[in-house]
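S.K.: Could you build the full structure based on these sequences and the hints that come with them?
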Amino acid sequence: MKITAEEIWSAVQAVREKAPIVHSITNYVVMNNTANALLAIGASPVMAHAEEEMEEMVGIASALVINIGTLSPAWVRAMFRAAEAARKRKIPIVLDPVGAGATSYRTRTARELIRAVPPEIIRGNGSEIMALVEEDAKTKGVDSSASSDAAAAIGGILHKQCGAVVCISGETDYTIGPAGVIKTRNGHLLMTRVTGLGCTASALCGAFAAVTTDPALAAAEAMAVIGIAGEIAFARSEGPGTLQLHLLDALYRLDADDIERMLRIETEA
Amino acid sequence: MKITAEEIWSAVQAVREKAPIVHSITNYVVMNNTANALLAIGASPVMAHAEEEMEEMVGIASALVINIGTLSPAWVRAMFRAAEAARKRKIPIVLDPVGAGATSYRTRTARELIRAVPPEIIRGNGSEIMALVEEDAKTKGVDSSASSDAAAAIGGILHKQCGAVVCISGETDYTIGPAGVIKTRNGHLLMTRVTGLGCTASALCGAFAAVTTDPALAAAEAMAVIGIAGEIAFARSEGPGTLQLHLLDALYRLDADDIERMLRIETEA
Amino acid sequence: MKITAEEIWSAVQAVREKAPIVHSITNYVVMNNTANALLAIGASPVMAHAEEEMEEMVGIASALVINIGTLSPAWVRAMFRAAEAARKRKIPIVLDPVGAGATSYRTRTARELIRAVPPEIIRGNGSEIMALVEEDAKTKGVDSSASSDAAAAIGGILHKQCGAVVCISGETDYTIGPAGVIKTRNGHLLMTRVTGLGCTASALCGAFAAVTTDPALAAAEAMAVIGIAGEIAFARSEGPGTLQLHLLDALYRLDADDIERMLRIETEA
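Protein sequence lines, in the order shown, are assigned to chains H, A and R.
Mapping the first sequence onto our numbering, position 113 (from 1) lands on 113, and the numbers just tick up by one.
Mapping the second sequence onto our numbering, position 150 (from 1) lands on 150, and the numbers just tick up by one.
Mapping the third sequence onto our numbering, position 241 (from 1) lands on 241, and the numbers just tick up by one.
Please keep in mind that the hints were generated in silico from the structure rather than gathered at the bench.
Glycine included, C-beta positions come from ideal geometry on N, C-alpha and C.
Be aware that a few hints might be false.
Output of the computed footprint for chain R on chain H, the stretches with three or more beta carbons under 8 Å from beta carbons of chain R [what the hints assert, rightly or not]:
no. : region
1   : 19-30
2   : 52-59
3   : 90-104
4   : 176-182
5   : 235-246
Restraint-style ranges between C-beta atoms, simulated for each label pair [what the hints assert, rightly or not]:
no. : chain 1 : residue 1 : chain 2 : residue 2 : range
6   : R       : Pro118    : H       : Thr267    : 49 to 59 Å
7   : A       : Ile60     : R       : Pro178    : 27 to 37 Å
8   : R       : Arg185    : A       : Arg16     : 43 to 53 Å
9   : H       : Ala256    : R       : Arg185    : 33 to 43 Å
10  : H       : Ser104    : A       : Glu134    : 19 to 29 Å
11  : R       : Lys90     : H       : Thr4      : 54 to 64 Å
12  : H       : Lys18     : A       : Pro118    : 50 to 60 Å
13  : A       : Thr192    : H       : Gly170    : 33 to 43 Å
14  : R       : Ala116    : A       : Ile60     : 23 to 33 Å
15  : R       : Ala269    : A       : Arg87     : 47 to 57 Å
16  : R       : Lys18     : H       : Ala150    : 51 to 61 Å
17  : R       : Gly163    : A       : Leu189    : 55 to 65 Å
M.R.: If you want it as structure tokens, here you go:
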């Protein structure tokens, strides 16, 4: 598997042409940015969380993104209903397990979602992904992490456990699927000083999964696109405030040349 | 009825002088932008949704804006209580039926609000307004829409059904009231790539309704002002991210000259 | 007590080095900005409001900020649980009584929180602080306010009643603690046209309280820092939209020279 700049550019064009509806059940902190990032790349965000309308809203969507960043029981119920409806309709589900590991409520909710309605893509940072790995496997994880690539190893275990493509973001982003590991190295450290850019990456995973059959490819497309846009934005920014705005502009203006020139990706079988 | 740039400028000045309190019960995605737009034009936003404080909060407000973008049962109850309190105090109510037609929960909630506590202004896009028209009338609507101005026709039907001024935003905004149709043609297509600018328009309808006796005039003022500010912002922007910020600056700096030079409005009896 | 630019700069450095986790239970309108301001100054924001995870989330935090800007019963219950957990762990609590005085629900909730789990710092505007003073004392407050500094007088009464450091923001910010009154005079009037900068100030009080033993000093540090950053941002802004973004950049880039050159602070025993 080799992923080219052309393939990623084709996916961007597909998002812009099809404007897929991405239904997001996400946290209060990032809703606005997430919606704006989806609009900037060309998708159509919908945000809704009432149980009363989950089936219908999922019914018009091309992807579902569930983000557990500001949980409460009513929202958890809606997440399950939406995920079940998405399963029935066979539209891709992306799970962002924000804060898994920080509290048992989050860890438990994320694990139960994964078990009951397995997502196509799970995207989180290293410690969140680690928290989702079942206990007995984690021991093996520690063994595996003796290798040079601890993150990829942990992601591989979670992938094997639940079948989802696992995407672990960091300086290098690891996307682990059935065909191996995709590493993307775009982005800039200042992006970690803007709240919710991980959540935005997950939302973009939803947009690309809506137009890409292979979820591992979709996740890698999303990570490459937000990373490249982040680098473009950084070059125009004076801090995290202006970075956030220029990132939206960069997503909107992204072209084939940017991707060709800046993409840093490699794949391992 | 002819609406001049002077009248619109007078309304802007009135908002800035009186700083009317606009109580918004709105969706999570746009709360921040909506509050900032109200502050930028000179109004005083208040956001509150607890049933426990609806009467008191409405009691200090000069207008109430209800936006159903991220509904849940507790919020719906608060919307009804706030609307009833606003009716008693005779302050104007603006309804933004976000997503009406997309799910029956939204369509039903918007229709019930309109029936129980008729708003002065309903502002939405064409499909949302269409969803609010009662079934038997919709057939007539289809007839009417054989005319060149389908949106105005549908808006006219809803206006006749419920008495509210109906404002349908799009490339041309149609404001339909008892005295006829006002068309405003300001704004820029890039504004559709920023989340919640429709919601912001509804919030501005509330601010202008607080200082303008005629709700049709108030809605047209709001649409002209956000459209002109949007064009000014577009000229300074590189994409939807910077557009959003420059729009707030433009609302804050808007002057008589801008309106005189840029206003595109026409009225039909 | 004399507070120097060096002390404030040391506190900024401490926040950047320790990146304290600030758990915020805040209102929907400002969550994004608050999180971004905390990230920009170097702290680590966490937003969570489910009763199910309050103890655990407080358990990893170095400060708790409670902001009552968009209350509802479930959130109030979470605020009490979080505050009790913070008390047990002896981490500082900051209370922002947004809208106290506007509705009895807010006034009552803020007062009950103060009585049940006294915060280290209460930060609000003059009318909010006034609303928290118990009735019989308010009469004395009116007496006291015959003096030239009504705000400081009211703050002094609340401080005596509940023991918390009371910080009243305005053109001059008054921080009233056991050692007297600290006046900071940084900031710019345009900051009042951006929603939630008061809430951001409260969040920064949390970040500085996490690295500063004396809560009065922590509050004064926060007010000086946001005020100086606001002035820097104003100089680069064309209105409230761009101000908001440049403020985040300014918090991120703030250095010893800025503070040395711009700080306007004075203390009274």
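S.K.: Take the hints in turn and mark each one as holding or not.
M.R.: These are the hints, each one checked on the structure:
no.	hint	result
1	19-30	holds (count 4)
2	52-59	violated (count 0)
3	90-104	holds (count 4)
4	176-182	violated (count 0)
5	235-246	holds (count 8)
6	Pro118/R - Thr267/H: 49 to 59 Å	holds, 57 Å
7	Ile60/A - Pro178/R: 27 to 37 Å	holds, 35 Å
8	Arg185/R - Arg16/A: 43 to 53 Å	violated, 26 Å
9	Ala256/H - Arg185/R: 33 to 43 Å	violated, 53 Å
10	Ser104/H - Glu134/A: 19 to 29 Å	violated, 50 Å
11	Lys90/R - Thr4/H: 54 to 64 Å	holds, 56 Å
12	Lys18/H - Pro118/A: 50 to 60 Å	violated, 39 Å
13	Thr192/A - Gly170/H: 33 to 43 Å	holds, 34 Å
14	Ala116/R - Ile60/A: 23 to 33 Å	holds, 28 Å
15	Ala269/R - Arg87/A: 47 to 57 Å	holds, 55 Å
16	Lys18/R - Ala150/H: 51 to 61 Å	violated, 26 Å
17	Gly163/R - Leu189/A: 55 to 65 Å	holds, 57 Å
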